[in-house]
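**Q** Given two chains presented individually in distinct reference frames, assemble the corresponding complex, making use of the accompanying hints.
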Amino acid sequence: MQAPHKEHLYKLLVIGDLGVGKTSIIKRYVHQNFSSHYRATIGVDFALKVLHWDPETVVRLQLWDIAGQERFGNMTRVYYREAMGAFIVFDVTRPATFEAVAKWKNDLDSKLTLPNGKPVSVVLLANKCDQGKDVLMNNGLKMDQFCKEHGFVGWFETSAKENINIDEASRCLVKHILANECDLMESIEPDVVKPHLTSTKSGKVLLIYLQVF
Amino acid sequence: QQSKTSSQTNKQRRLCPDISFFQRATEYPCLLILDPQNEFETLRKRVEQTTLKSQTVARNRSGVTNMSSPQKNSAPSSLNEYEVLPNGCEAHWEVVERILFIYAKLNPGIAYVQGMNEIVGPLYYTFATDPNSEWKEHAEADTFFCFTNLMAEIRDNFIKSLDDSQCGITYKMEKVYSTLKDKDVELYLKLQEQNIKPQFFAFRWLTLLLSQEFLLPDVIRIWDSLFADDNRFDFLLLVCCAMLMLIREQLLEGDFTVNMRLLQDYPITDVCQILQKAKELQDSK
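Chains as they are written, first to last, in full-length UniProt numbering: chain G, 1 to 213; chain L, 1 to 285.
Just chain L, with the same shape it has in the complex (with noise of 0.2 Å):
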């Protein structure tokens, strides 16, 4: 018997950086290795004609395709929208690739992890769009650069083998819920209560430094605080309490179902509402 189906409409998260940008072709691609009179091999190469059989695992592996697009459901291209552009040009989204692939080489013990393009793509964005073309041009660069110091922070959270250490991520979504019992006991209370593990949503807010809760500028804006303060994962740790307190309210009215939908897709937008709340927590200790 035919049952009879209906759904919650929900806001995309999933598609939230709104980012063609990194399908588009960059000024500055890699000369020396798209001259076809030096035979390097390029990841196109090696990318289509090893590991990756299909399309979706050509992307999947490159990760930096990961960037996907918002709003292009309607646009008739948007299949074709991951196709290399003609020889003699490159996406961004190939120097990403770039980026990752070498960071990987260099580093076997990490290697590629999902997620880590997430990490790579605020910061290649924000060097790739600079006013001064100077800046631009070394985008890739500089973006390795940056990259490379922020996953010496950050890298113990792609580490598997880290998970339950003192440094991994388990134990920070841990200091994400004591920091939580300090400042708003009730509300963690509440979420004990329901069961609702840090591991259903404040794992990928920590692994990827917020940059798949927020749009690109306000995550640009909210690693501009992280950035800038002396103990910066600590304070990544009081905008996650920050951005639970916000909503406590409705938290602590919804029951598991409404309040796993508000975790995975966080309401509040205005991100400098959010930080001012983290730093009213840090002042107060």
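This is chain G alone, in the form it adopts within the complex (with noise of 0.2 Å):
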């Protein structure tokens, strides 16, 4: 077997309203399980999986799951930094997490951006498609639509319960931000108006400048 070429290490969020399904999301692509015992996240957790995207190239996911109550959203800038994808989960048999979805993407958007000042990809995952409850879902061209409107890459009706299309919409995430990183680096190379556009670099250099001043 050829070793590996390349490696990319990524930061994905997990966002959306409270009892979605983040965690159990992140628990069935990280640890192939399930349980429908409900713990609340406080803050952050955070795994990590690594895709043997093809023969050349490996991904690492740095997957930070993040609380959806209210009470945790001061939080979020910070969480954000520097993720290059997210996820945005809704509950099917709850209408009004799917009302919040574009609270979310809204709350990302004005917090988060790639070096190049364009807005991270996001896919939308409509879980627990298995209950049968899926009022929501009956119109695949609206759900299109809607993705189109607010700016997401895709979107995929999911179970972490029955373990449905969670690597499909994964793998949708992580060809987009494969795509954009080739974007980001023609776009970054000619650019000297702004020589630190690597964002661990400029926040390093802004946080100096305030020392100093």
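No lab work stands behind these hints, which were simulated from the structure alone. Note that the structure is a prediction, hence the values are computed from the model and not measured. In this text, a Cβ means the ideal position worked out from N, Cα and C, and glycines have one as well. Any given hint could be a false lead.
As the list claims (entries may be wrong) - Computed spacing ranges between beta-carbons, pair by pair:
#1 Pro267(L) / Arg77(G): 24 to 32 Å
#2 Thr148(L) / Asp54(G): 56 to 64 Å
#3 Asp255(L) / Gly117(G): 25 to 33 Å
Said to hold, decoys possible - DSS-like cross-link-like pairs, simulated, lysine-lysine; straight-line CA separation at most 27 Å:
#4 Lys105(G) / Lys197(L)
#5 Lys49(G) / Lys27(G)
#6 Lys277(L) / Lys27(G)
#7 Lys103(G) / Lys277(L)
**A** Set out below in structure tokens:
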């Protein structure tokens, strides 16, 4: 077997209202199991998933599972930093959680952009599709339209319980991030106006500036 | 194309407190409420009929049901563990739910915030498993009293608008780091260099008084020390520092991902060692 040539490390966020199944999705994806016991996430949880993307490429995903309750809203800015993509999750059995999707998307876009100023790739997950109550999902065309309007790169009906579409959704997101990264390289190189475009560096420069003055 | 996946196994912190206890029936249910003669609107009805359309939300809203029991994955009945018990019986989680519900009603400014269940759980467990039946019998009232008093001291952690004030959680998180800087500057600089913010782990440590980081008996042991100390919430900061310093060699070697996993799934289970270290830090002031 050939050794991988390329390694990518991406920070991905998983956000959405409370109780929609963010933690369960990650648990299914990373640990291949499911528990019906609910336990609220306080602040943030962290998990790692390694994908052997193709024979030459390994993709490491840092999954940031962010608490959904409104109370933790002040914390999100610091959790979002330097993420390359996100899943926004809602619960198909609770319409209110779908109504909150646009709110989460706006929150994300207002606090996080790629180094080139563009929004990060976001995939929408319609979770708990095993429950048979997915009144919202009857109209796939509407969902496509919604995604277009709100700038999602795609959407999937998922079930953490039955392990439906989670791998597929993740592959979709990673595919877009990889494509974005190619764009990013191209857009950054000729740019002489903003020399500190890689976000960690610009962040540090700013920090030093603040400390000096 | 199929991408082959692999993942690291890790210990499942989220299922830490092994307390199937909360799903069992209490010997001392609230008879007044359970008596069908009295037409009280019970939480069972209220919770089912109002906001709680799906079972998951019901668990979520009630908070206490969050007290999940681990190692049940193999049991086929595990899906039914939160079904309400037959009329005339009350599960312990329903008692705790009532405590939280009443607290939320009496304190509308705070109401219910996720995580309060993790504070009330160890208190209730301690009373409700007391060997003396007189103590057991009054577990609900005693827990309510203690929870209210404890919350009077720590409620600022649960109030979003206070996050950035002098009494809020952000200040406390920064205090952990400034104390660490004092006690172990090399480790402090390492965490800074890797951009590991206290929000990434210490938020949960502090808000929940470490109740999600250790097994229930160990949580109770830690709380004993926290509550016994005159400056107990200063002592909590020292306990957090001790936890960091006890794994300093691993943290100094690890990269960001390794270190995040260490801090999110804290590896040391011997809480006496941690408390001893915290005491040392306190004495070395």
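**Q** 56 to 64 Å was suggested as the range; check whether the CB atoms of threonine 148(L) and aspartate 54(G) agree with it.
**A** holds, 58 Å
**Q** Holds or violated: lysine 49(G) and lysine 27(G), Cα atoms, limit 27 Å.
**A** holds, 10 Å
**Q** Measuring from beta carbon to beta carbon, are proline 267(L) and arginine 77(G) in 24 to 32 Å?
**A** holds, 29 Å
**Q** Decide if the proposed pair is consistent with the structure: lysine 103(G) and lysine 277(L), CA atoms, cutoff 27 Å inclusive.
**A** violated, 45 Å
**Q** Against the 27 Å threshold, does the CA-CA distance of lysine 277(L) and lysine 27(G) hold or violate the hint?
**A** Not satisfied, since the Cα-Cα distance of roughly 34 Å exceeds 27 Å.
**Q** Are aspartate 255(L) and glycine 117(G) spaced within 25 to 33 Å by their CB atoms?
**A** Given about 29 Å between the Cβ atoms, the range holds.
**Q** Run the distance test for lysine 105(G) versus lysine 197(L): straight-line Cα separation, threshold 27 Å.
**A** Roughly 24 Å between the alpha carbons, so the hint for lysine 105(G) and lysine 197(L) holds.
In terms of the numbered hints stated before, the structure departs from hints 6 and 7, listed from lowest to highest.
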